[in-house]
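Going line by line, the protein sequences match chains A and B. Per this note's numbering, residue 123 is the first one in the first sequence, and the count goes up by one each step. Per this note's numbering, residue 950 is the first one in the second sequence, and the count goes up by one each step.
Hints in this document: simulated from the structure, not taken from any laboratory. Hints may contain errors.
Here are the simulated DSS-like pairs of lysine-lysine, each with C-alpha atoms no more than 30 Å apart in a straight line [claimed, not checked]:
1. B:Lys1097 / A:Lys240
2. A:Lys243 / B:Lys1181
3. B:Lys1122 / A:Lys294
4. B:Lys1085 / A:Lys243
5. A:Lys198 / A:Lys240
6. A:Lys240 / B:Lys1181
7. B:Lys1085 / A:Lys240
8. A:Lys240 / B:Lys1183
9. B:Lys1183 / A:Lys243
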Amino acid sequence: MDKVVEIRNLSYTYPDGTPALNEVSLDVMERESIGIIGPNGAGKSTLLLHLNGILQSENGAIKILGMPLTNRNLRKIRSKACLVFQDPEDQLFMPTVFDDVAFGLVNLGYDAGTVREKVGKILERVDLSGRENRSAHHLSFGEKKLVSLATALVMEPEILLLDEPTSNLDRKERREIIEFLQEIDKTKIIVSHDLEMIEQLCQRIVVMNRGKVILTEDREILKDDDKLKSLGL
Amino acid sequence: MKHSFLDKYSDLGSIIHRLDPRVKVIVFFILILVIVSTPPQELVKFSGYFLILLILILLSRIPLPFIFVRSLVIIPFVLLTAIFIPFFKGGEVAGSYNFLTLHLTISYKGLLILQNILIKSWLSVLSLTILTSTTKFSSLLKALEILKIPRVMILIASFFYRYMFLLVDQIMKIKNARDSRSFKKNPLYQFKIIGYMVGELFIRTYDRAERIYLAMLSRGFNGTIYTLESFKIKGFDLYFLGSLVTIIFLIRLRR
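So here's chain B without its partners, still in its complex pose (with noise of 0.2 Å):
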């Protein structure tokens, strides 16, 4: 089975697919730094923000629908935890509604607050997708790992790439055998067949790890990964990293 969900389109060849995977890394971080630091009542400068990734997205050739559908998936998590803020906080009231015995107050700070955490959060996801799909996994990583990020975190994440696919592919085993053989409609039963799978595929996920770390022993493996470094850094790239990053500046410190 074929898979590409984490880094599709990462090979296509626009200027910003190659552009150095650090550069990219660099100018995005300071991006969300900036974004999440800009005080919430500031409009027009998330607007200039917003302008900014939508030329890189256009500058990238990623199809927009993709990009746009691929970030909004932050939003539900960000409901679920921020939703209940506006009814908290105290302030001028917007509005206040009667339930049965149960008096709802909505406030302005507290509506305020949910738009900060809306906005903020879309255009962090936001940058972050477009990262993503301009960069070979791979070399993300190696980007990082240049950049210092812990090795223990990279590794994670590298093991997890790999294997991931595999993973989603065993789970369409079980399940496809489940289904040629599954008769029952009671849900309780089929609750109690997903039990049994999640335990069959911690038990194989266990299995395989115990295999790899044996691959890894016998080719040398003696507790850190090594990797070669591969990137060069081109003017291009210097004038990337430079000019965003002025630009990013200038938005967020105008009056």
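Extracted from the complex, chain A is given alone in its bound form (with noise of 0.2 Å):
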């Protein structure tokens, strides 16, 4: 197996003097689950942002399929490693769901035919052909949280990053998500605080604490309740 995300010792301070990381070392094979849980403010999203280029630290390096991520490849890792942000009001920002799941398409430079194609495909994968016209505001949150995951399928990338894709969900949601990600046969990186999630979809498990990676360990962890006490959490 190769491994398709290399973190070396990545340290980053937001500009406003917070830090967030500190010293994380990660790799993460490919086809993995990797859940990573902490406490709030532990650095998981901060940790995320990074592996898209949207943060960038001058501490540290970190290699997303073999390629380091430099200014010069940003664009071929953003289609490669898509985010889905937690709030699907922000990863929802065109005027239609078509919009919304053909934005990162034409933005990679596909040809007209070649979208419509793709984005029909995708929405009726997530069950929601038909809605294309629709605007993201009159969804329920369930089909937000679909779409969302649409706008980052619909790129085909090897990495699926993923930032609490099961909050705010009802239970029937939560599970038609959860579902439909186990479908879903990509190395898969998921930050959230549902357990549950994490262990039905994650193989390995990542805690962070106050920027650092503190454990790295296997699924099994999520079963011995005092171990997660004392890690935290």
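Grab the two chains, each in its own frame, and use the hints to assemble them into the complex.
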């Protein structure tokens, strides 16, 4: 198996001086699903933003699919490692569902016919065909989450970076999203507080606290309540 | 929360709704230009334009009261700016009044200008109301984009449309939070709270804008938003365009 993500000694401090990441190192293998857990403010989302090149740090190195994360590779990397934000209202910013899902593809320079075909297919897959011309505002929250996923999946990435894919969903919507994610055979890096979902989807668990990776373990650790408590979870 | 206060009725399926949005934009643009350029005394011509608009409304099957109420929104603004004109124009005096030491005169010329402004602004807004009520906002934006309206303006309108509802939701939430804990009825204190609310809203909006920008970046945004064209012009569209523009010009140029 190949390493698809290599993070070496990554440190990052926000412009306002808040330290967020401290010497983080992590490898992710191809088609592996990794769950990153930890208390609020541990740096989980910040780490995710680095993997897509949105935040760039001068301390440490990141390689995605063997490519060092530099401005020159950014376009390629963003088409291969797609990020889905926690709040679908941030992820969906175009006037219609179709435009939103097509946004990434159009930016990648696909022609109109291909874009239409791909968007149609992916919307069918998330069971939202026929909503193309709707405004995201008129969808239910679960549907918005699905469309958010579609905006990333449509680009056929090799790595999916998911920030809290199940937050604020009701039981049924949550179950549907989990089942849907289970079917996707790609490398997944999932940041969440939803440990049940992480247990269902991820083989390996990374525990973060105060900007550091404090533990990398098999998913069995999620069954050990005392251990989790001792890790501050 | 559900809102649809901008393009309510825009998903009806009448012939006006089914017209190519570009055609509608062009027709209404020409109509407004013609209305604005018609000399003020020609009331018959204005009635003609009104008749055209009325027929369009009836064809679009949108309830008349809805359109009229909505088109009246502009009147207070117009009145506010134009109401004083009759007092300042010279010429033949229509009436004069004395309030204590104040001497006011109203001139016919001034009254004509006021009437002109009122009629033209109302007819123009009526046209726009029909346009926005028969066209989905997203289609309207796309039509404007194809018609070479500057992209920045379209983007601003597009983001505004997408996030306006969210903003309203947020205001409602903050308002509910305030009302559920607010006991003092002192108006000065209430003003202070409203100040905080506006500030809070600004910060939230700013944060959101930041996150949206990140979401755009992560999907390969590089400064220009491209969308796909999806309109096909039909024979009927051209027929509509041709005939309506002809009628409008016939009215305008009649002696």
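Results for each hint:
1. The straight-line distance between the Cα atoms of Lys1097 of chain B and Lys240 of chain A is roughly 28 Å, inside the 30 Å bound, and the hint therefore holds.
2. Restraint check: the Cα-Cα separation between Lys243 of chain A and Lys1181 of chain B comes to about 23 Å, which is no more than 30 Å; the hinted pair holds.
3. Between Lys1122 of chain B and Lys294 of chain A the alpha-carbon distance is near 26 Å, which keeps this suggested pair within the 30 Å criterion.
4. Between the alpha carbons of Lys1085 of chain B and Lys243 of chain A the distance comes to roughly 24 Å, so the proposed pair stays at or under 30 Å and holds.
5. Straight-line distance between C-alpha atoms of Lys198 of chain A and Lys240 of chain A comes to about 19 Å, which keeps the hinted pair within the 30 Å bound.
6. Between Lys240 of chain A and Lys1181 of chain B, the direct Cα distance comes to roughly 21 Å. Compliance with the 30 Å bound is thereby established for this hinted pair.
7. For the given pair, Lys1085 of chain B sits about 24 Å from Lys240 of chain A by alpha-carbon distance, which is consistent with the 30 Å threshold.
8. For the suggested pair Lys240 of chain A and Lys1183 of chain B, the alpha carbons sit about 27 Å apart, so the restraint of at most 30 Å is met.
9. Restraint check for Lys1183 of chain B and Lys243 of chain A: satisfied, since their Cα atoms lie roughly 28 Å apart, inside the 30 Å limit.
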